[in-house]
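Protein chains in written order, with the working numbering: chain A, 1 to 441; chain B, 1 to 263.
I should point out that these hints are in silico values taken from the structure, not numbers from a laboratory. Quantities reported herein were computed from a predicted structural model and do not represent experimental measurements. Errors might be hidden in some of the hints.
Calculated lysine to aspartate or glutamate pairs in the EDC-like style (CA-CA distance at most 20 Å, straight line) [unchecked claim]:
| hint | chain 1 | residue 1 | chain 2 | residue 2 |
| --- | --- | --- | --- | --- |
| 1 | B | LYS184 | B | GLU218 |
| 2 | B | LYS203 | A | GLU143 |
| 3 | B | LYS203 | A | GLU370 |
| 4 | B | LYS203 | A | ASP412 |
| 5 | A | LYS360 | A | ASP299 |
| 6 | B | LYS199 | A | ASP412 |
| 7 | A | LYS104 | A | GLU86 |
| 8 | B | LYS220 | B | ASP205 |
| 9 | B | LYS199 | A | GLU143 |
| 10 | B | LYS94 | B | GLU119 |
| 11 | A | LYS28 | A | ASP38 |
| 12 | B | LYS199 | A | GLU370 |
| 13 | B | LYS37 | A | ASP433 |
| 14 | B | LYS184 | A | GLU383 |
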Amino acid sequence: MEYLPNVIFAILLVFGIGYFARNVGRLKRNIFLGKDVDVSDNKPLRWKNMAKIALGQTKMVVRPIPGILHIIVYVGFVIINIEVLEIIIDGLFGTHRIFAGLGKVYDFLIASFEILALLVIIAVVVFWIRRNVIRLQRFLKPEMEGWPKKDGNLILYIEVVLMLLFLTMNAADFQLQQLGSAHYVQAGAFPVSAFIAPLFQGMSEANLIMVERIAWWLHISGILFFLNYLYYSKHLHILLAFPNTYYGKLRPKGQFKNLEAVTNEVKLMMDPSADPFATPAEDAPVPEKFGASDVKDLDWVQLLNAYTCTECGRCTSECPANQTGKKLSPRKIMMDTRDRLEEVGKNIDLNKGTFKDDGKQLLDDYITREELWACTSCNACVEACPVSIDPLSIIMDMRQYLVMEQSAAPSDLNNMMGNIENNGAPWPFNQMDRLNWSQES
Amino acid sequence: MSSELKVPTMAELFAAGKQPEVLFWVGCAGSFDDRAKKITKAFVKILNNAGISFAVLGTEESCTGDPAKRAGNEFLFQMQAVTNIEVMNAYGIKKVVTACPHCFNTIKNEYPGLGGSYEVVHHTQFLKSLLNDGRMVLEGGTFKGKRITFHDPCYLGRANDVYEAPRDLIRKLDAELVEMKNCKKRGLCCGAGGAQMFKEPEKGDKDVNIERTEQALETKPEIIAAGCPFCNTMMTDGVKNKEKEGEIAVMDIAELIATAQDL
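Here chain B stands alone, though its shape is the one from the complex:
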């Protein structure tokens, strides 16, 4: 199936004198993490299926600098940002879509002050717009009536007020969207943000992802939906910790849609 993936790079398109509609910013997790790579592929399949003209930077992409900045290393962040901005500006990029809320937040909010202004959307927003414009068709068969709970990524929700796009997509699948005790503005962090993903947590009673998984399990879901590769990992670990991985799947919104479309 993966042989069918069409993933043009900016360099290729540029050489052919073409400009894609949108740059797909894959991000480090989406490029290297085995679990997140599945999300990346699912999203590309949807784009291919809908005939969207897009490209990736491929080997010219580098970390946005988000974890460095949240860890306090402003130097490293700005070095990364300036380098990435130079590459994107050289290609004349106007619009960016990404499946990682951390990349989304950084490129959308922190790059403009350093010379990189683009229209930046999260992949759930992009998919929602394709649906609205009739460029993508979605039917719910596979997930009809399934209980799905959505975990709000902090950097998508509270940080940027995007709450409805992912929920609209879940509803579109004819699934039963159930909300956790803490959702939307009061969503509970998965425990990975602020560079926590890359270090051991401080001493406490339990890890944050366990607490969040417990909240998710209270809704008795069949699927925990996420919109962030890091949340996905944290929730998957939480479900494993509760030994529920046989019953409950943790899936990105892109994976839900790719599955519904039988891609």
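Isolated chain A, as found in the complex:
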């Protein structure tokens, strides 16, 4: 019986981490449903980008208020994980405050965790007010109704509860230390929870231990719950922001990739010695599909982008089309891509590893043509993203599918393309008149 809590703790830990690992496996499988893309170039710059953008949060502070609040929550989250390490060791071995031997350093650590916990609570309250009271424009877009809105608030509630449990645990511990209770070593400094401690004044030792234990167990269970909540939430960015910034676009923003399959075709067309009537070899590969109509036509970095999206809406609030009331929202492009990818993943799980056609695709069922054609390719969304997501690349790939596979461009654009093809200009002017301006007054 003596070891029962340790055993329960170990089971909880294994179950919590195991379930999370299973979801990480699923996440990886889904991301690699995307086409391969070579992102092995320029490693030093990639590491630098990750350090600056994900670790250093440089793009968050472009908007200073949410930026600084976010840094507080982020630093709080990272540092409090040291405390979690202690909790895990204590839980497994039945010790209490195993790191207490660090003496003054330990006092300093605990004090800083407490101050951060308080700052996180303040930041989260401000975030909640921004979302629910001030009702910032970018949190009210149509794509934010339902689960995305609930998810955003739920994360805030969980964070507050976790921080309050941490402080309650410390406050009860502080009281127990005052009482000289056995097992409760004299360690740590409690600059914040010392203000909660008076609430427990006069409580019996047994009750105090109960409060401390309940807070401790709920705190660690909450953390394990939160870990597993990540996969189902926009909060996945706390993990994926790192690989995503590493694999982010390095080329100039205006440089779009040249489709290799097209280059080969164009070369053949331009080759005077090519036989136009030659039948393709029997073992010729199936001609590649041009552009993207579903998630599997995108590359895996684009799919990683979709899972990394935090739905912060900075892209959408900078998008000129969205600002002027058009349907396009770059955030929605990313959310749709993720939703569809999840749907495809579930389909594969249900059908024992193979995808069974469900008569749906990303195009039309999720992203409408009206959205795709409203984009000016201005790169404002790409610039605005704090974690290097490129919604524009998905829009462009889907336009390629519409134009090259379906010939479904708006008629004005078909005219423009016809003019380029025939006259070498988007307008119906003769190429031979191209120098007329030099003679005109």
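Using the hints, position chain B against chain A.
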């Protein structure tokens, strides 16, 4: 005045066994659009005045393929690119200057992968370098103290990080450069990019160029400066829409300089 324009073509120079310092890529707008042709001429006047050896491709130039590519027609884009690259490579072109950020971006970034590698500069960068090297003199008289706001073309600014060259030139005119709410990295699109120039906009509350013009008007400018023929058209339309065309001029940087030099 236009009779003074000296516009040599690559074909002429090639026949005479000469190679110009730089190819001036005029672009479709610069060749055919009435408003943009003025920008083209202003730039040529500056080049003539500074005695720069340049040439144009003339009838051998064709659309870079930018609007086709942004519309999703990669085939048409690559056909255009390969044809243009063949022409430029045949002439042994090393350096290209253009007044159109779309041509600039495409030739600079997307042509190398298809066999066309050149040093490509935007005309504002080129003019800035002439100024730095003392090959062009610029005095501000005409625009001294005038409030000028600069609209960043997406394909020059955000797409290629060119923000300072046009601004340096405006400052050189002794003008008062005023920035819009959204400028540089956070500049707002004029609404023409991504092939939007050639189609009706999707349904919304207003057109993008109106929004951008409103931002420009907030700075109370006398002149809205642009560095892109498409931005120029969109902003001119916006100013007309606000019935301000009597008070506010939309001018390309090349036009500002040609005016300052009294060309």
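- Query: Which numbered hints are broken by the structure, listed smallest first?
  - Reply: 8, 9
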